[in-house]
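Chains A and B are the protein sequences, given in the same order. All letters in the first sequence, in the order written, are residues 0 to 248 by numbering that gives the first Met the number 0. All letters in the second sequence, in the order written, are residues 0 to 309 by numbering that gives the first Met the number 0.
In short, the hints are calculated from the structure, not lab data. Careful: at least some of the hints might be erroneous.
Stated by the list, open to error - So, partial list: chain B residues that the calculated Cβ filter (under 10 Å) puts toward chain A:
no. : residue
1   : 180
2   : 182
3   : 189
For every residue, glycine included, the Cβ atom is placed at its ideal position computed from N, Cα and C.
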Amino acid sequence: MKILVPVKRVVDYNVKVRVKKDETDVELDNVKMSMNPFDEIAVEEALRLKEKGVASEIIAVSIGLPEVQETIRNALAMGADSGIFVNCTSKLEPLSVAKILTSICNKIKPDLVIMGKQAIDDDMNATGQMLSAMLKWGQATFASKLEIQDKKIKVGREIDGGIENIEVNLPAIVTTDLRLNEPRYASLPNIMKAKRKPIDEIKVEDLNIDIEPRLDILKVEEPKSREAGIMVKSVDEMIEKLKNEAKVI
Amino acid sequence: MKTLVVVDHNNNKLEKSTLNTIKAAIELENVDLLVLSDSCKDICNELIHIKNINNIFINENDAFKNQLAEDTANFIAENFKDYTNILFSNTSNGKNVAPRLAGLLDTMIIPDVIEIVDKQTFKRPIYAGNAIATCKSKNKINIITIRSTAFEEAETSDENVGEVKEIGSLTTNNLTKYLNSELTKSERPELTSADIVVSGGRGLGSAENFQVLEKLADKLGAAMGASRAAVDAGYVPNDWQVGQTGKIVAPNLYIAVGISGAIQHLAGMKDSKVIIGINKDEEAPIFSISDYGLAEDLFKAVPEMESKLN
Ligand SMILES: Cc1cc2nc3c(=O)[nH]c(=O)nc-3n(C[C@H](O)[C@H](O)[C@H](O)COP(=O)(O)OP(=O)(O)OC[C@H]3O[C@@H](n4cnc5c(N)ncnc54)[C@H](O)[C@@H]3O)c2cc1C
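Build out the structure end to end from the sequences listed, making use of the hints.
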């Protein structure tokens, strides 16, 4: 079984991002970048399937500027077998990413795509669902449990009321939630080994896909800020404030 | 210009966030509603009281009971192509279906909208709410999910105002199959629409210790929430998680107990009207957004607070 894992390079989750003065975007210069945490979970899940003998090959793909190859290398260092780098200098929306991934899936024919449920930069939560629509495959979003049985996968999904279990025919798209697993760290020997693993380069122009954005970003601004209040000294004072000042209880 | 709101429900009852989504839709124009379920009647009985909507379209089919994204998205794509806007609530259902529909219709989804600036311009949070993007759409069809805490609820009338009409027919998908659900049972108010939320974090230390908080929540008639760390540790169920990648809440009162206040947590609760933080570390970031902070051990403060409230 072949698994494709799309990985995105994003601002590290520990960074407190700031809006640029000209309000065109957030500040991305000299900011620590990492693999989107949900994508790490996706890579980890693919690796576990390989270790169980269910999967035979794991391919990591990333789309963007040459820097995204670092993210592919991370996936290779974790244990993925090979990478695909789609060289693309324009800004991409999930719709375009899904189209590019559709074209890659048609070419390499994976049995399963495991990807993050959302990227922590644009918080879209969309690419997996769009990709499965375009491929006309089944989707299992927000997965916290995954089991492969023959030509099907059983997935536990995190929904608003608890957990929902569904069965999806392969090939399928799975998007990961936080509880699916805890991703491993790449060991030093594996980081060295990853340097020799192959990464195929594709130029986005060669795919002949319309990647023109459908949303113009007019402005990126600071959210309304919240002022810190006061520290109270005791539970009695807290209750008094809630009752008489805030009037919420 | 026509606007459709896809009604979120659990086959018996309306999901409250739908009322906020309808309110947002009314800012657009010409609002119709769509109910897909194995049994639409009770849901429609709630919907017919909502003001300023035109039609309530329904399709009753056993297959819709399980709300599979493949069925719902196909059905809407086939029957509502001529709409300008299709709105969903940003619930787990909406997040599952709306992007799939956008993929089918070749349109860029506009998720988690918090403000409608004009008919093609929308504001949405990015980077865990640390920035707000204003997006102008060039889509022919806008598929939008609405953050319910950013909009009021649609107004209702005592009279029946909506008209119910059947529409379309479903060809069921053979890609996915619903098996079962393990739903968290609770007598408490629903987390995303509660007036008061009591949330616990890693500081609680165990599932048993959460009972200390639950007593306080029950005294206040509050919903329970949690940080990711508390869910990951297995203290509480996943559907309690508040934050960037969990639920977004904005109650009148949010009580954060044993929660440090990571950006990802704040993203889910910083629009609450009043926030209180209880944490033994007086440097905890939660205090920087708390209206009232109490730097004390929670195992002392919470039972004391519970006993002093009446
Ligand atoms: C991709 C991604 C998505 C995420 N999404 C979310 C999300 O949606 N929601 C979310 O909450 N987090 C999310 N997180 C995790 C987030 O970064 C933090 O790790 C998490 O919120 C920390 O939870 P906590 O505050 O309970 O734990 P900690 O940060 O460990 O804080 C525990 C706090 O309890 C206090 N404490 C301990 N004992 C006591 C005591 N006896 N009395 C009083 N106080 C005490 C401590 O002083 C400390 O401040 C996400 C992270 C990532 C990477």
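These are the hints, each one checked on the structure:
The interface hint given for residue 180/B holds, since its Cβ lies 5 Å from the closest Cβ of chain A, which is under the 10 Å cut-off. Because the smallest distance between the Cβ of residue 182/B and any Cβ of chain A comes to about 4 Å, under 10 Å, the interface hint for this residue holds. Using the Cβ-Cβ criterion of 10 Å, the hint placing residue 189/B at the interface with chain A is satisfied: the shortest such distance is roughly 9 Å.
In terms of the numbered hints stated before, the structure departs from none.
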